[in-house]
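Asks: Single-letter residue listing:
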Amino acid sequence: MNEYVAETKNLTKYYHDTCALNQANISIKRGEIYGLVGDNGAGKSTFLKLLSGQIHPTSGDLTLFGQHMPQKLMQARSRMGVLIENPGFYPQLTIEQNMEYYRIQKGVPGKDSVEEALKITGLLHIRKKRCKGLSLGMKQRLGLAIALLGVPEFLLLDEPINGLDPSGILEMRNLLLKLNEEKNITILISSHILSELEQIATVYGFLKNGYLLQQITAEQLRKKCSDYIEILVSDPEQYAVLLEQKLHHGDYQILPDRRIHILNADETIDTYSRLASDAGLQIMKLTRYRQSLEDYYMNLKNGGAKTC
Amino acid sequence: MLNYIKSEWYQVLHSKNIYIMTAILSGGTLLMNIILCISRNAITDFPYGTFRFSLNTLTAVPSTLIILGAVVAACVCTEDLKNGVLKNAVSYGISRPAILLSKCIISLAAALITMIITLVIYIGSAYLLLVNPESLPLRELLTGIGAVLPCATAFMVLMIVLRLLCLKEMIAVIWWVMIYYLIPMICFFVGLKVDIFERISEWMPYIFLKTGVMVTMNNYQCLWDTSEGLTRCIVAGFIGIIVFLTFGVWKYRKQEF
Numbered sequence: 001m002n003e004y005v006a007e008t009k010n011l012t013k014y015y016h017d018t019c020a021l022n023q024a025n026i027s028i029k030r031g032e033i034y035g036l037v038g039d040n041g042a043g044k045s046t047f048l049k050l051l052s053g054q055i056h057p058t059s060g061d062l063t064l065f066g067q068h069m070p071q072k073l074m075q076a077r078s079r080m081g082v083l084i085e086n087p088g089f090y091p092q093l094t095i096e097q098n099m100e101y102y103r104i105q106k107g108v109p110g111k112d113s114v115e116e117a118l119k120i121t122g123l124l125h126i127r128k129k130r131c132k133g134l135s136l137g138m139k140q141r142l143g144l145a146i147a148l149l150g151v152p153e154f155l156l157l158d159e160p161i162n163g164l165d166p167s168g169i170l171e172m173r174n175l176l177l178k179l180n181e182e183k184n185i186t187i188l189i190s191s192h193i194l195s196e197l198e199q200i201a202t203v204y205g206f207l208k209n210g211y212l213l214q215q216i217t218a219e220q221l222r223k224k225c226s227d228y229i230e231i232l233v234s235d236p237e238q239y240a241v242l243l244e245q246k247l248h249h250g251d252y253q254i255l256p257d258r259r260i261h262i263l264n265a266d267e268t269i270d271t272y273s274r275l276a277s278d279a280g281l282q283i284m285k286l287t288r289y290r291q292s293l294e295d296y297y298m299n300l301k302n303g304g305a306k307t308c
Numbered sequence: 001m002l003n004y005i006k007s008e009w010y011q012v013l014h015s016k017n018i019y020i021m022t023a024i025l026s027g028g029t030l031l032m033n034i035i036l037c038i039s040r041n042a043i044t045d046f047p048y049g050t051f052r053f054s055l056n057t058l059t060a061v062p063s064t065l066i067i068l069g070a071v072v073a074a075c076v077c078t079e080d081l082k083n084g085v086l087k088n089a090v091s092y093g094i095s096r097p098a099i100l101l102s103k104c105i106i107s108l109a110a111a112l113i114t115m116i117i118t119l120v121i122y123i124g125s126a127y128l129l130l131v132n133p134e135s136l137p138l139r140e141l142l143t144g145i146g147a148v149l150p151c152a153t154a155f156m157v158l159m160i161v162l163r164l165l166c167l168k169e170m171i172a173v174i175w176w177v178m179i180y181y182l183i184p185m186i187c188f189f190v191g192l193k194v195d196i197f198e199r200i201s202e203w204m205p206y207i208f209l210k211t212g213v214m215v216t217m218n219n220y221q222c223l224w225d226t227s228e229g230l231t232r233c234i235v236a237g238f239i240g241i242i243v244f245l246t247f248g249v250w251k252y253r254k255q256e257f
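So the protein lines, in turn, are chains V and C.
Residue 86 in my numbering is what sits at position 86 of the first sequence, and the numbering runs on without skipping anything.
Residue 148 in my numbering is what sits at position 148 of the second sequence, and the numbering runs on without skipping anything.
Next up, chain V with everything else stripped away, as it sits in the complex (with noise of 0.2 Å):
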């Protein structure tokens, strides 16, 4: 079995001259939940777009399932559920006609499914009421049962809390985590919200102007979003250099007003303390800090990650 269920090489996308996607090198094993997070604009539903075959790529390599040739490729899709931006659906139908539709054309045996996927969305209930007059909200869900039928391998969700009140938002979270963790789905997640990304992502990629800024794990990101320490010292640079050769630190930035950020800060409290009255410098404020994804996205973003 592949360890892969998505990998990209340079996959670019071009809309006659704007780039939408430039060179894209983005990686999914299986039984990940991958965040996608980006600006809009950034590049995030022309990746999911362009997995899922809504849209040509310009150049570049997909692979799907180890699959990478046209034919394949297609049959790879098979095992997917996706739900980009609007789902789709027949409004004249009823929430269980519409199921019923994507049952058959997805060839899945059995009408318990349709049944299955509407319970574990909270749609079971009102299955019988037509889609035309579905909030924003319940559409969300209509979609990604729709995405859920015949329990697909690799979910592709954009966006998926939008319009989603707060106890919706709680449960379409722990849903995903259920179905990740129960069943071995991999999911791709695109989400503006970054602090509910946070709660669920195993994996980020960092995407802005169409490209990718970087592909990191949760771990990976716990470390070096963990702790960072803001002392206001009396002489940053003295304090930097006595980092440096004393604790072999060399993980800081130097800030204005006196401030020096020690990022990455494995000591405890007292050695950042004691380093600076060893050497008769003068602390007038030690913090510690812990960086959230959002401000870790905004220093990447910003072109500041690579201090971090």
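The hints are simulated quantities; they were obtained by calculation from the structure and are not laboratory data.
The hints are all genuine.
If you want a taste of the chain V side facing chain C, the calculated C-beta under 7 Å gives, among others: (1) Ser52; (2) Gln54; (3) Ile55; (4) Met74; (5) Ser78; (6) Val82; (7) Tyr90; (8) Leu93; (9) Gln97; (10) Tyr101; (11) Gln105; (12) Lys106; (13) Gly107.
Glycine residues also receive a C-beta, built at the ideal position from the N, C-alpha and C atoms.
Starting from the known structure of chain V, arrange chain C on it as the hints suggest.
Replies: Frame of chain V, contents of chain C only:
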């Protein structure tokens, strides 16, 4: 592809469009025969209250079938495009040519069923309500329908291709009208001066159905009564199907959602 055809058929059967369409067409023909019947009873010497007149109305204008076929095709495709259903089909590994071919098959099946139901009501109501001649002009009508069917299928395929390629319904309709009506008319008029255009226009359904069919109360002359005319109808239809389908597959392969 088979699963996609099945799912599309499920959708067609569970949507209102095709039922409304069939009801309108059947109701229209029934209404026409009722009006003819009432007029026959109300007006002395009313000459049109006959079975022959009613059926000849369709026989005389065979292009009706072509237009109605295109309308059915547009009905079948409309909802998909409005609601982004097609992108899901592509995402689940159904190729674009398979989608196009499936749409053609489903539209053809839906149109044939609509046509059969409408014809049964049309002929049945005419038979029951109007004056029947000694010889019923059924053979002429059915031969005409059979002869026009390949052309109707071709222009149905064209409508599906255009609907799938054009984002706006109106643009697709304008293109369809141009290809079915405007270009043949231009060829016809240029053909009055240039021979090659005359020969080309002779193979265009709008022209040969307009010039080759003459049906009145007492006169019946249709091009499909000669083997040459029938061949022209069938060959032009199949050429149309192949050309429009090939063009559709070629263009739709590149379609993005």
